[in-house]
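My request is simple: use the sequences and hints to build the entire structure.
Residue numbers (UniProt numbering), protein chains in the order written: chain A, 1 to 197; chain B, 1 to 377.
Please note that the accuracy of each hint is not assured.
[Claimed, not checked] Some, not all, of what chain A presents toward chain B, calculated at C-beta under 10 angstroms: (1) ARG43; (2) GLY44; (3) GLU46; (4) PRO49; (5) GLY50; (6) VAL52; (7) ALA55; (8) ALA57; (9) ARG58; (10) GLY59; (11) LEU60; (12) GLY65; (13) ASP73.
[Claimed, not checked] Okay, derived cross-link-like pairs now, EDC-like style, lysine to aspartate or glutamate, Cα gap no bigger than 20 angstroms in a straight line: (14) B:LYS237 / B:ASP198; (15) B:LYS374 / B:GLU79; (16) B:LYS237 / B:ASP247; (17) B:LYS374 / B:ASP84; (18) B:LYS374 / A:GLU138; (19) B:LYS374 / A:ASP36.
Think of the hints as simulated: they come from the structure by calculation, not from any bench.
Predicted model only: the values in this text are computed from it and were never measured.
Glycine residues also receive a C-beta, built at the ideal position from the N, C-alpha and C atoms.
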Amino acid sequence: MSLRPDLAIIADHIGHRAHVLDVGCGDGELMAALRDNKQADARGLEIDPGNVAAAVARGLSVIQGDADRDLADYPDASFDYAILSQTLQTARAPDVVLDHLLRIGRRAFVSFPNFAHWRVRLSLLWGGRMPVTGLLPEQWYDTPNIHHVTIDDFRAFLKARGIAVEGAWFLSRGRRTTSAAANAFAEHAVFLLRRPD
Amino acid sequence: MIHDQRFGLQRHVALPGPLLLDGGGRLSPVEIAYETYGALRPDGGNAVLVCHALTGDQHVASEHPRTGKPGWWTRMVGEGKPIDPSRHFVICANVLGSCMGSSGPASADPAGTGPYAMAFPVITIRDMVRAQAMLLDHLGVGTLAAVVGGSMGGMQALSWAATFPDRVRSCVVIASTARHSAQNIAFHEVGRQAIMADPKWRGGDYYAAGDQPAAGLAVARMAAHITYLSEAGLTEKFGRRLQARPDNPTGAKSFGFDADFQVESYLRHQGIQFVDRFDANSYLYITRALDYFDLAEEHGGRLADAFRGTATRFCLVSFDTDWLYPTAESRRIVQALNAAGAAASFVELSSPYGHDAFLLDTPGLYRVVDGFLKAAA
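What follows is the structure in structure tokens.
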């Protein structure tokens, strides 16, 4: 089974036997890959009870909870990596979630759909409608994505907070794309972050 | 091969003890009625202890000798079930203080001429667990692959993990809590007062008369039974429907105090059935043990310290309609496990059945426990 492209990038860059917290782990796809291929000690947090049941049934340690509420329970520096894939844009307070991520993990992977992709821009510019695309398939009223963010927004946020970027990967139609003009041409971004010293 | 008398259904052992109790007393001998299912692997690595709830018993997956009913957790324990005797060596023991063959107030007092009655020492959940540990020693079980329980059984499972961390690899805690709340204690106090207000209770010395405080015990059971069901479940099952009568199949108000409503009739039936199989003094002792349960208190007031450095894996399940031990209580345990860095899983499942969901047809429950136990194997 092949991983979702952003998860594959994350999985490729996590070392063997790492201690990993996957926030918004879904049914545990990435966690299972890390456990099976990297012998990682992976833990997960997931809001949907059906996903939690599926993940626990595959033998993973997953807790039903809400990134906005429950990350405060995790001790400082208790994981090598904290992962937030496709969840940042759904958080009520993404800045607080990121603070927790970098507090709990020595490093953090964050992946999110780029709201400044040209197709999104066209949709809004010419159609005058909130975009509904492959990566953003929901209508404005039922989208879980309540904090739309662009790659440049995120870079500016990291700079303002003094958060170090150790790696950045950009995806378009599931393939790696160049970081030049990523804000316009990448549908998806994956960042590897380290907390400010 | 000679059959080892320690293993099988309807087993009973009197261990010399003494068992040193949290209340300061000593218990000797320690009688334990228990059942085992399946075979202990030569490496001893497949033992699963199932802990029963307040009024439960050791007949987890076998017919109850008194009521003739099937085991109380056949959805969880049996061929093809999450706890499977073809893979696991399953142990279920009647808890200390109970009345199904383990030491309790109805047992003979070695210092006297009859049953202990109220001379039986007040016990705790941890005392129950220590007695179970003595049983495991007797059975030659060192480390448990898993300890599994719902409700009070979940409290024992937690207490096992906290008291004997090196003897528990996996711990399954369903519809349970790390402490009894004021509301939990309050409901139990109603039950105890109902028993003790029954003139037949006689300060606990009713055994010689062979006539237990059945009315009080039935009321205690009725009050407790309400806490096991959800409000929506009760409404769906009974609503305001009236009990059928010989002269009126759809029922009628009697303008008296018969069981006019179906829910009244149901509760009375629950109460009457219960007194046939349970001892009133045992009900006092076990509810007391539950009320005293506060795992954090045993560890300096910090629940996380109960699990500090543990290698045990945990799986917690709560039910959205359980108001006896609501999800918030499971979440509190999960927070402590996270703080202690323990490997923990938790899910709140949806069920219409309230607290009783852990015993009933809640498919997600069995899938979760099955996956959790298999991952450890």
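Please work out if B:LYS237 and B:ASP247 have their alpha carbons no farther apart than 20 angstroms.
Cα-Cα ~23 angstroms, so violated.
Using the nearest Cβ pair, does A:GLY50 come within less than 10 angstroms of chain B?
Holds, about 8 angstroms.
Restraint satisfaction for A:ARG58 [CB to CB of chain B, less than 10 angstroms]
With Cβ-Cβ at 6 angstroms, under 10 angstroms, it holds.
Supplied contact hint for A:GLY44, tested at 10 angstroms Cβ to chain B
9 angstroms, holds
Interface hint outcome for A:ASP73 [beta carbon to chain B under 10 angstroms]:
It holds, given that the least Cβ distance between A:ASP73 and chain B is near 4 angstroms, below 10 angstroms.
Let me know if the C-beta of A:ALA57 comes in closer than 10 angstroms to any C-beta of chain B, holds or violated.
3 angstroms, holds
Against chain B, with CB atoms and a cut of 10 angstroms, does the hint on A:GLY65 hold up?
8 angstroms, holds
Can you verify the interface hint for A:GLU46: is its Cβ closer than 10 angstroms to any Cβ in chain B?
Holds. Min distance 9 angstroms.
Mind checking the alpha carbons of B:LYS374 and B:GLU79 for me, to see if they're no more than 20 angstroms apart?
15 angstroms, holds
Given the hint that B:LYS237 pairs with B:ASP198, does the C-alpha gap stay at or below 20 angstroms?
Not satisfied, since the Cα-Cα distance of roughly 31 angstroms exceeds 20 angstroms.
Per-residue hint verdict: A:LEU60, partner chain B, C-beta under 10 angstroms:
Holds - the Cβ of A:LEU60 comes within 10 angstroms of chain B, reaching about 7 angstroms at its closest.
Hint A:ARG43 vs chain B: min CB-CB distance below 10 angstroms?
7 angstroms, holds
The earlier numbered hints that this structure contradicts are 14, 16 and 18.
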